[in-house]
Amino acid sequence: MAEYSFLSLLRNAFSGNTDWQPAWRKPDPKPEYDVIIIGGGGHGLSTAYYLAKEHGITNVAVLERGWIGQGNIGRNTTMIRSNYLLPQNQHFYEHSMKMWEDLAHELNYNVMFSQRGCLNLANSPSQLDDFARRGNAMRHVGIDAELMSREQIKAFIPALDMEFGGRFPVYGGMIQRRAGTARHDAVAWGYARGADRRGVDIVENCEVTGFLRDGDRITGVTTSRGEIRAKKVAVCVAGSTGQVMKLAGIDRLPIESHVLQAFVSEGIKPFMDTVVTFGAGHLYVTQSDKGGMVFGGDIDGYNTYAQRGNLPIVEDVMSEICAMFPGLARVRLLRSWGGIMDMSMDGTPIITTGPLPGMYLNCGWCYGGFKATPASGFCFAWTIARDAPHELNAPFTLDRFHKGYVIDEKGQGSTPRLH
Amino acid sequence: MLISCPYCGPRDLIEFSYQGDANRTRPDRVSMDVPAWNTYIYDRVNTAGDHAEFWQHSGGCRMYMRVVRSTLTHAITSVEPARAHASSARRAKRTAR
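Line by line, the protein sequences are chains A and B. Terminal number for the first sequence in this note's numbering: 419, no gaps in between. Terminal number for the second sequence in this note's numbering: 97, no gaps in between.
Note that these hints are calculated values from the structure, not bench results. A couple of the hints might just be wrong.
Partner residues aside, some chain B positions facing chain A, computed with beta carbon under 8 Å [to be verified]: (1) ALA22; (2) ASP28; (3) VAL30; (4) SER31; (5) MET32; (6) ASP33; (7) PRO35; (8) ARG44; (9) ASP50; (10) HIS51; (11) PHE54; (12) SER58; (13) VAL68; (14) THR73; (15) HIS74; (16) ILE76.
Where is the CB? At the ideal position from N, CA and C, for every residue including glycine.
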């Protein structure tokens with residue numbers, strides 16, 4: 001397959017762009033593989049890519065119910081950051097951040113990673129103290145963080161109403177300048193192409209309907225396209241984790257599925273060149289390269305598998321963005337959509353072997369899975385290949401809840417709708 | 001989403017607050033059974049389909065109710081006062097003793 005390069009662009013420009021090859025094949029599933037990955041989202045594809053690249057395991061199938069990029073990898077608000085307080089999260093997400101910094105080169109695919117910074121606004125003095133604590137914790141392990149004063153923020157984002165309509169004045173903020181955004185579809189396509197060219201079969205329109213068992217051991221899957229056997233079966237299905245694991249007889253997991261809505265406005269002229277979050281409520285907003293304001297807020301707050309939300313959250317999010325940016329009040333909303341989040345009980349993911357022999361589980365990303373895509377795939381591939389976790393995902397076990405090793409970044413307890 | 005409060009009638013979602021999964025059994029308050037407590041606190045059935053859950057009419061009569069709602073379509077099939085559910089659970093426990 002041709003590399004994407006200036007020369008290949010030039011060559012194809014002269015041949016009328018008729019020589020481009022599809023980025024990945026559409027193979028029929030083989031009867032047996034070394035590894036099956038259920039779920040062709042960002043994490044599943046990156047897992048396949050790193051299995052092939054780092055561990056030389058290329059007899060791999062990625063089974064996707066719909067098509068590549070249909071799920072949460074194409075539904076998120078594309079923000080990438082590693083501004084965490086707890087060391088387990090810091091090391092994992094910072095590793096991810098470093099992978100993002102080289103990802104376009106690594107994949108030979110432009111993922112449009114833009115390190116435009118992520119500014120968390122503090123709307124009370126105590127929140128600013130909390131940010132100082134988190135920033136210090138980050139700097140302690142070598143992650144960049146800076147506190148910004150009111151005056152600096154005013155100069156940095158002129159469109160921001162520093163009083164939030166009079167109710168929530170901005171006291172300051174914390175910025176991670178290496179944070180930013182990437183083009184989410186390109187991440188899925190880049191990983192799909194990278195995995196495919198190393199021999200991985202990406203099988204779309206192939207829904208897993210059950211598991212093949214030999215006693216407790218998982219030996220394959222039944223799908224809408226027939227039985228497929230495998231030595232190892234990895235489950236990487238985010239919001240559908242509950243449904244898929246029930247097929248394997250696992251009734252209860254420390255996961256609830258919730259819907260998170262996201263919104264994009266009509267395109268406007270360059271307005272803001274960073275990611276900014278509302279401290280008093282919950283809102284995060286950035287401007288896409290096309291000019292649309294891309295933003296989201298809280299999850300709807302009740303269990304659901306429907307990829308659509310209800311109006312109270314829409315109203316909540318809109319009132320927040322209008323409080324931050326009164327100038328956007330008359331900008332029209334172009335689209336809104338929902339994605340299903342696998343909310344874990346402590347807000348931290350699960351990347352582990354098991355819970356059954358021959359099975360591997362990657363889930364619990366809450367609404368922070370996109371930024372973890374490279375590191376999640378890297379760690380999950382390691383776990384699958386070696387039957388043991390990498391040191392970065394060693395704390396992200398499934399049994400940590402029952403053993404008392406929860407990683408509760410926000411200190412909210414086991415209330416998934418609060419994480 | 002409209003929820004028919006057994007006390008107030010059909011009201012909009014915005015008046016209600018979600019109180020979580022009703023498929024869990026809380027161990028007796030003096031129980032020292034740690035695995036049972038962990039299961040109660042952390043493990044969820046996360047049903048795709050009809051899901052029993054608690055809601056509070058926090059913007060109205062403030063009463064609690066047990067709702068059966070499809071997590072695939074948001075259609076509500078039953079709403080009953082949580083009190084009835086709690087007392088039947090208590091009754092079952094008393095009978096078991």
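Quick rundown of the hints versus the structure:
no., hint, result
1, ALA22, "violated (11 Å)"
2, ASP28, "violated (19 Å)"
3, VAL30, "violated (21 Å)"
4, SER31, "violated (16 Å)"
5, MET32, "violated (15 Å)"
6, ASP33, "violated (12 Å)"
7, PRO35, "holds (7 Å)"
8, ARG44, "holds (5 Å)"
9, ASP50, "violated (11 Å)"
10, HIS51, "holds (6 Å)"
11, PHE54, "violated (10 Å)"
12, SER58, "violated (12 Å)"
13, VAL68, "violated (12 Å)"
14, THR73, "holds (7 Å)"
15, HIS74, "holds (6 Å)"
16, ILE76, "violated (11 Å)"
In summary, the structure is inconsistent with hints 1, 2, 3, 4, 5, 6, 9, 11, 12, 13, 16 from the numbered list given earlier, while agreeing with the others.
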